[in-house]
Amino acid sequence: VSPLRGWPALAALLAAGTIVALTLLAGDWWVAAPAGFILGILTRGLLAPVLAGAAGLLGWGIPLAAMAMQAPVGRAAVAIGAILGAPDPLRGAVAVVLTLLIGALLGLAGSWAGVSLRRLSEVQERG
Amino acid sequence: MERRITRAAALLLALVVVAGLLWVCGGGVRSLPAPARLLDPVNGLWTMAPEAASPPQTLHLPGLRAQTTVTFDGSGVPHVQAARDDDLFLALGYLHARDRLFEMDLFRRQAEGRLAEILGLEALSTDELQLDLGLVRTAQTEWARLPGTSPARAAVLAYTAGVNARIREDEATNRLPAMFKALGYQPWPWAPVDSMLLRGLLAEDLAYQKGPLQAVRLDQSLGTALTAQWFPTLPPNEQHPYASGGSGRAALEAPAVAASTPADDAQHAVATALARLPSVGRHQLFGASNSWAVDGTRSAGGKPLMANDPHLSLTLPSIWYQVDLESPGYRVSGVTIPGAPVVEIGRNRHISWGATDTQAQATLYYQEKTDPDHPDQYLWQGEWRPFIKIPYEIPVRGQGIARHVTRITVHGPVLTGESPSLAVDWVADSPAPGSYDALLGMMRASGWTSFTDALRAWVGPIQNWTYADDQGNIGLIAPGTYPVVAGGDPSRPLPGTGEDDVVGSIPFGQVPMAFDPPDHVLVSANQRPVGPDYPFFIGGTLDTFDPGYRASEILSQLQAPGRLGVADMERIQLDTRDQLAVRLLPSLLKALGSAGLSPQQDRARRALAGWDGRMDASSSPAAIWETFWDAYLKSVFQPWWSARHVPLPYQEVNVPLTEDLEAWTLHDPTNPAFTPPGAAARTAPGAMVAAFQSAVGELQARSGDDIAGWRWGDLHHRAIPSLAQVAGLGYGPVPSGGDALTPDAAGGEPSVHGPSWRMVVDWGSGTAYGIYPGGQSEDPASDHYRDQLGDWLSGRLRPMLWAGDAARQPAAVTVRLGP
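Residue numbers (my numbering), protein chains in the order written: chain D, 1 to 127; chain V, 1 to 819.
Hints were generated in silico from the structure; no laboratory data involved.
Careful: at least some of the hints might be erroneous.
[Claimed, not checked] Here are the in silico distance ranges between beta carbons for each label pair:
id, chain 1, residue 1, chain 2, residue 2, range
1, D, G85, V, A560, 24 to 34 Å
2, V, G27, D, E125, 35 to 45 Å
3, D, A15, V, S54, 31 to 41 Å
4, V, Q67, D, A15, 42 to 52 Å
5, V, P56, D, D28, 19 to 29 Å
C-beta atoms are modelled at their ideal positions from N, C-alpha and C, and glycine is treated no differently.
With the sequences and hints as input, model every part of the structure.
In C-alpha cells, the structure reads:
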C-alpha cells in the first residue's frame, strides 16, 4: 500500500478522529490506540505520529466541544481540575489538557506500534 | 537478519508500551482510578456538565401511578404536585437521588460502617466504631417493627422506589454523580433500612455524649471535689430556660452520689473508649442552634413570627435539600435530609416548626463486671450472662477483608476490649420505629394538639421543637426518651450489675414544654430548657447544655420595644453580639482602670471601652476581646490542668469552664481557682489584667502596633469544606465575624460549623423565607451547587414559595413525571 500524504492523509485524520469520538459514545475509550496503529501503518516519517496524535486529540476533543454547546463545560473543567488536585487558577486548563493528552497519547502509542510493524514488514519483503 | 531482529524488537517494545499504557489508562495504578475512564469526555467526570444542564420537560418515572408535576424555581428548589401521597414520596426519592445521590450514599456508608470499602484503611477504625455503635442493627429492627399500616412504611417504600429509579437511570446513561467516578465505585440499590439509618446518624451527631467518660478522667486527675465544683449539674451563670418545671430541687440533685475514683483498669477502659470517640457527638463541641417565636402581641403583623437556624457542620453540598410538597395528604414546604422522605423543618398551611438540639443527657455508660473465671461473660442481676458476639467482615479498599467482632450486653454495645468492658446505652441503640410517623404527623398537623400528638412517638435525638400557627399560638416542647435510672449517678459510668439500669423515661406530660407564655416570647438556643425546680435529672453542665449567651442575646432583642417583623428576625439571626463580652466588659475595664498599663495597652483598653460587644469581622475590639478571653481562660485553668495532669485539654470542656469563669468574675472574684497551684494568691482582677497584657502583646506581635489593624476577621475565618474533602470544591476560609457564643454562631478556627438553614415564618402575611449555605445540587458544574451561598453570607433570605407562585417565576422550569 502506498503511504498516505496530502489530502488523503487529512481525510484519514478526520475519519480516525470521528471514529474515536463515536466509539467513546459506546464507552470504548481505547479506540484511539488502534486508530493510531492503523495510521502508523498507512503513513511514513513524522506524519505518522503527528496524524495519530492529532486523531486521538480530535477524537477526545469533539465530544467536549459538542458538549460545550449545551452544557457548562467550563464549570465542569474547573471542578474536574479541583478533583485532580490542580492549583486554583489552572484547574480548568489542567482538566482540558489532561483529557486531550490522554487521547493524543493513546493515538501516539498506537502509531508507534503501527510504524514498527510496517518497518518490520518492509525488511521482510526486502529480505 | 540483524536488522530484522532490531525491528522485531522495536515492534515488541512498542506493543509492550501500548499494552502498558492501555493497562494504566484503563485500570489505574494501585487504588488510583483509571485516568482514561475518569477523563473520558463522554462517560467520565465530564458527564457532570450535561447533568448540570436543565432537566428535560417530561420524564418517565417507573412506579408512578399518576402524572406528577415538578416545578424547579430559580433556586433549583422542586415544587412537587402529586395526585397521590405515594407518588409524592416516589418523586421526592427520585429528586433526592437526582441531586444528592453521592451524599446519600456517603451518609449510609458512614452509618453502616462501610467507608473503608471506598476510602481504604484510614476509614477502618471509624467503620469498626460504627459497627459497635450499631446504627445498622437498630435500623434493621426499626424497619422490621414498623407496622404494615404505618404511613411511614408506605412513604419509605415509595421513596425507596424513587431513589432506585434514578440510580438505574444514572447507570443506564453512565451519568452517576462525579464522585462515584472519582472514587471508582457504584452505589448499590437504596433500601428502606438506609432511610431508617439516617435517623441514627443524626442522633449520633446531635446526641451522642461523652460527658460521663470525661467526668471520670476529671475526677481522677482534678479530684472529685474540684470536678464537682467546676462541673455542677446546674449552670452557675444567669440563663433563661423556656419551660418551668414541677417542684423539688432535691429530686434533681438525687444522682449526686459521692464520686469515687475508679480502679486503674476502669480508668483504662474509659481512656480507651474516649480515644475511639473523637468524631462522634461533634455537635456537643460546637452545639449551637437558635429557634424562637413571638406571638401576635409582639409582631407587626398581629400573628406569630417564628425563626429557626439549626447549626450543624457546614459542607458543600449541604445536609439540607429544600422542597415544597403537595398531595392529597400533605402540603408542606421546608428542608429535608437527602435519604429521608420527610420535611424536618418547615411549615404547612397552618403551622410551622423548627428545632434545636436539647442536648439533654441520653447517653449512659455501664461498667460491666467480668471475671477471668467466667470468660466471655458479664454479671447482671446476679447471673453470669454471655456477651452477644456479632462478627463483621469489613471490605477495605486495596486491603481485602478486615474482621471485627462487636460484643453486646443488656445495656448496649461494648466500646472496649475484653476486660474491663464498658458498654454504652445511647439513643440510637434503642429502636424507634415511630420517628418517621412522628415527622409525617407533624407535616400533617393543623394545630398544637395534633402537633404534640404526633411527637408522642418521638424517641430521639431529643429536640426543642419550636411551634407557631395561623391561629396565633406559639409553643416549645422537647419530647423524647430521657432515661431515668433506678439508682446511681448517670453523670458517671454506672455499675452494669443491674441495680442502676434504666427503668423508664420522663413522662410525656412532664417533658420541658411551654405554650402561649405570658411574656409572648419563646427562645431555645440549646440552653438548659428547664429551671432549677425541674424534678428530673436531664444532664449537667459537662458536655451537655449551651452556656446560654445566645439565648440571652436573642431574648434581649425580642424584648426590646417595638413590634417585630421579618427583617428583625433576619437581623437577629445575623446578630454577632457576644453576651459574655457584654457581661464581663465592665469588670475587665474596671480592673484595667487601676492597673499600670503601657501606652499600647491603654490604647487597647480605650478601644474596648467604646465597644458594643459585636464580634464583627472588621472590629478591632472584637479581636482584643477574644484574644483576651482565650488568655484569661488559659491563665486560670491551664495551671490546674498542668499541675493535676488532666488527660484531656481544658478546651474540650470549655463550656462549663466559661460559665464558671463568668460567674466567679462577676460574683466570686476571690475564688481559689484564680490562684494557680503553688503560686502566690491571685484574684479575678489580677488574672484579667495579666491576661489582657498578654493578649495585647500577642496581637502586637502578630498584627503590628496599629490597633486599628487588629481585625477579628484576621484571626477568625469561616470555611465550608466539600463533603468529598476536595479542597477546590469547598469554600473559604474567608474572614468572618461571630464566635461560638453569638447568635450568628461561628465557633472554631476556621469555623466549619454554623447556621445550616435560616428560616423565618410570618403568620401575619402567611409568608416564609429560608436560605442555606450551598445549593440544591451536589454537581459542582451545576448553577445550583452553591448559588445560595452569597445570600446566606450576606444574610438575605429567599422566599419559600408554594408551587403556584414558583411556577410564575421567569426562571421556573416545569417537568412532568409520567408513569
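Do the hints match the structure? See the list:
At roughly 51 Å, the beta carbons of D/G85 and V/A560 sit outside the given window of 24 to 34 Å. Between V/G27 and D/E125, the C-beta spacing of about 37 Å keeps the proposed range 35 to 45 Å intact. The hinted window of 31 to 41 Å between D/A15 and V/S54 holds, with their beta carbons roughly 34 Å apart. Checked against the hint of 42 to 52 Å, the pair V/Q67 and D/A15 passes, with Cβ atoms roughly 46 Å apart.
About 26 Å separates the C-beta atoms of V/P56 and D/D28, a value consistent with the hinted range of 19 to 29 Å.
This entry does not satisfy hint 1, going by the numbered hints stated previously; all others are met.
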